[in-house]
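Line by line, the protein sequences give chains A and B.
For the first sequence, the positions run 1 to 217 when our numbering is used.
For the second sequence, the positions run 1 to 336 when our numbering is used.
Please note that the accuracy of each hint is not assured.
[Said to hold, decoys possible] Pair ranges (Cβ atoms, derived):
#, chain 1, residue 1, chain 2, residue 2, range
1, A, Val151, B, Asp184, 26 to 36 Å
2, B, Gly98, A, Lys121, 25 to 35 Å
3, A, Lys121, B, Gly32, 25 to 35 Å
4, A, Arg155, B, Phe4, 29 to 39 Å
5, A, Gln144, B, Arg316, 50 to 60 Å
6, B, Asn145, A, Arg117, 52 to 62 Å
7, B, Asp234, A, Asp126, 37 to 47 Å
8, B, Glu235, A, Tyr210, 55 to 65 Å
9, B, Glu235, A, Gln144, 28 to 38 Å
10, A, Asp126, B, Lys203, 40 to 50 Å
[Claimed, not checked] In the BS3-like style, the derived pairs of lysine-lysine whose C-alpha atoms are separated by at most 25 Å in a straight line are:
#, chain 1, residue 1, chain 2, residue 2
11, B, Lys7, B, Lys203
12, A, Lys25, A, Lys205
13, A, Lys176, B, Lys226
14, B, Lys226, A, Lys34
15, A, Lys176, A, Lys25
16, B, Lys203, A, Lys34
17, B, Lys47, B, Lys68
18, A, Lys34, B, Lys7
19, B, Lys93, B, Lys68
20, B, Lys68, B, Lys99
21, A, Lys25, B, Lys68
22, B, Lys229, B, Lys203
23, A, Lys34, A, Lys214
24, B, Lys47, B, Lys7
25, A, Lys34, A, Lys95
26, A, Lys121, A, Lys95
27, B, Lys28, A, Lys34
28, A, Lys176, A, Lys214
29, B, Lys226, B, Lys203
30, B, Lys226, A, Lys25
31, A, Lys95, A, Lys205
Since the hints were derived computationally from the structure, they do not count as laboratory data.
Ideal Cβ positions, reconstructed from N, Cα and C, are used throughout, including at glycine.
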Amino acid sequence: MTASSPRQDVLAILQRLAAVFEEHKPYLNELDAKLGDGDHGLSMARGFTAAARHASQNPQLTIGGVLAEGGMQFNEAAGSTIGILMFTAMKEAGKALAERNALSLSELAQALEAAMRGIMKRGKADIGQKTILDSLQPVLEVLQRAGQNPVTDIRALISTTIEGARGGAEHTRVLKSAAGRARWFVDRSEGEIDPGAVSGYLIIKTIGEYLSEKLRL
Amino acid sequence: MHTFYNKAEDYVDEMLEGIIRAFPDELKLVPGQNRAVMRADAPVADKVAILTGGGSGHLPVFMGYVGKGLVDGAAVGNVFASPSMNQMFSLTKAADAGKGVLYLYGNYGGDVMNFEMASELAREQGIRVETVLVADDVASAARDNRADRRGVAGLFFGYKVAGACADTGASLEEVAATTREAIDNVRSIGVAISPCEVPGAGKPSFTLAENEMEIGMGIHGEAGIKRRKRMPADEVTESMMSLLMEDLPFASGDTVSVLVNSLGATPLEELFIIYRNTARLLSDKGISVYRPYVGRYATSMEMAGFSITLFRLNDRFRRYLDHPVWTPFIREARSR
């Protein structure tokens, strides 16, 4: 859909994610302190910074390689639950995209679905348990629906996915933590938004905005 | 600020550097890994390697137990955050002497996921791996849901048994089964009166009013059983002991080892005041105590509070407790 290669796109997106999470680090830490131990923003910023650095230093990598090795670097830098889940998600997405030279909507949907399935399996988590999955699920639904018909307005579609992720994250306020360490904070978790779900939204928003901007070029 | 460090992001690396500098004859970094530590003489021939790991902020857990008679190596995460699978995997490759590896660590989601992934990678390379999860905190889940419990100070007894058993030359399966049996006989409970702060987080991990305490609170500030007004040492000990005793349950005629552990800020003096009543309550129930431990064994940085761990012994476990250990933080040169 564009002049630059998908591999360059992935690198650019990882660099943006590093910047976005650096910027939102204090906010995410604050959300996490209500439900966990207050380091979620730190982990996300560290992880994406490491992944972006690795991608830019290794231009020979394919998309699959950038995502799998970038995920490994994310895990190495961040550790933690989110580190292994992001590694799993990136590796699975990378596998789905493999060595593609162009990305279609249905491939993006497949990559997202593979990433989510990886998170569910490794994290033994499901939709509705107040996790990152709750902000990704609406995005997957939008992409899957869109893949069935010819898309007339791609930018409108991107806005819809970002809106879906935002709504999904917002919805975690009414959910009770049932997975991960946050489940020990159930009483405290009611009414609070899940920091992982906010991160899911920020990831989708960053990718979406990048793609939108490219369309304008 | 009541703490001493330089930059929050350097907290773990600088601590690690300090420990390696302090104990250069006993500890070394895994080659190519700045977040995995092993015995200076690892891999140890003809011995199952006992490996552990988890987030930083709990010294002497985990690195303090790396040494002869206890643990062969530890992967070191950021504060309260699991190490990465690659740190664990590198450690596994470096510490395995061909006799297999036992992963022995606390039951937390991040640690479990990273260790599981590391064990998958290790098995692909032909390294045999067994896992024993420590889930001893009775306050963290009901008794019929024991597998869901968190792992706390009881880790120490797991290390003692696994380390001693491995030193007998036992097979991986035998070390794992013995350690699992030991952990089945370990129960812990904690209480906190003031929080700790993850470096860089900017605020404490939880808040308690000046006159409040939380029985059963986890070592990362996870919710306990209930918050209540502070009570004198004997009353707190008594209510914690009754939760502990009924859980296994411990009964008249049993012999137990006891660990009264500071969560960080609580001084030894108070620990002995607590131990005094703990020992009295056990004696009243007809339970004898063998080899009690009192001190800082599993902490949460500057958190104030303590935990009590009971370990029901048989002859074999008693022998294993007597097994000499020599590590940076615990040195028991000979048995009694």
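Checked hints:
1. A:Val151 x B:Asp184: 26 to 36 Å: This hint is violated: roughly 58 Å between Cβ atoms.
2. B:Gly98 x A:Lys121: 25 to 35 Å: Holds - the Cβ-Cβ distance for Gly98 of chain B and Lys121 of chain A, about 31 Å, lies within 25 to 35 Å.
3. A:Lys121 x B:Gly32: 25 to 35 Å: With a Cβ separation near 29 Å, Lys121 of chain A and Gly32 of chain B satisfy 25 to 35 Å, so the hint holds.
4. A:Arg155 x B:Phe4: 29 to 39 Å: violated, 53 Å
5. A:Gln144 x B:Arg316: 50 to 60 Å: Hint holds: Cβ distance 58 Å, inside 50 to 60 Å.
6. B:Asn145 x A:Arg117: 52 to 62 Å: At roughly 27 Å between Cβ atoms, Arg117 of chain A and Asn145 of chain B fall outside 52 to 62 Å, so the hint is violated.
7. B:Asp234 x A:Asp126: 37 to 47 Å: Once the Cβ atoms are compared, 46 Å apart, the range 37 to 47 Å for Asp126 of chain A and Asp234 of chain B holds.
8. B:Glu235 x A:Tyr210: 55 to 65 Å: holds, 60 Å
9. B:Glu235 x A:Gln144: 28 to 38 Å: This hint is violated: roughly 59 Å between Cβ atoms.
10. A:Asp126 x B:Lys203: 40 to 50 Å: Violated: the Cβ-Cβ distance is about 31 Å, outside 40 to 50 Å.
11. B:Lys7 x B:Lys203: Holds: Lys7 of chain B and Lys203 of chain B sit about 15 Å apart, inside 25 Å.
12. A:Lys25 x A:Lys205: At roughly 16 Å apart (the allowed maximum being 25 Å), Lys205 of chain A and Lys25 of chain A satisfy the hint.
13. A:Lys176 x B:Lys226: The given pair, whose Cα atoms are some 19 Å apart, holds under the 25 Å limit.
14. B:Lys226 x A:Lys34: Since the Cα atoms of Lys226 of chain B and Lys34 of chain A sit roughly 18 Å apart, the hinted pair holds (cutoff 25 Å).
15. A:Lys176 x A:Lys25: holds, 24 Å
16. B:Lys203 x A:Lys34: It holds: about 11 Å lies between the C-alpha atoms, which stays within 25 Å.
17. B:Lys47 x B:Lys68: Given that 25 Å is the threshold and the Cα spacing comes to 11 Å, the pair holds.
18. A:Lys34 x B:Lys7: holds, 24 Å
19. B:Lys93 x B:Lys68: holds, 19 Å
20. B:Lys68 x B:Lys99: Satisfied, since the Cα-Cα distance of roughly 17 Å is no more than 25 Å.
21. A:Lys25 x B:Lys68: Violated, at roughly 41 Å.
22. B:Lys229 x B:Lys203: Distance ~23 Å between Lys229 of chain B and Lys203 of chain B Cα, so the pair holds.
23. A:Lys34 x A:Lys214: violated, 37 Å
24. B:Lys47 x B:Lys7: violated, 40 Å
25. A:Lys34 x A:Lys95: Given that 25 Å is the threshold and the Cα spacing comes to 35 Å, the pair is violated.
26. A:Lys121 x A:Lys95: Holds, at about 16 Å.
27. B:Lys28 x A:Lys34: The hint is violated at about 37 Å.
28. A:Lys176 x A:Lys214: Given pair Lys176 of chain A, Lys214 of chain A is violated - Cα atoms ~38 Å apart, limit 25 Å.
29. B:Lys226 x B:Lys203: Status holds; Cα separation ~22 Å.
30. B:Lys226 x A:Lys25: Distance of about 32 Å is beyond 25 Å: violated.
31. A:Lys95 x A:Lys205: holds, 22 Å
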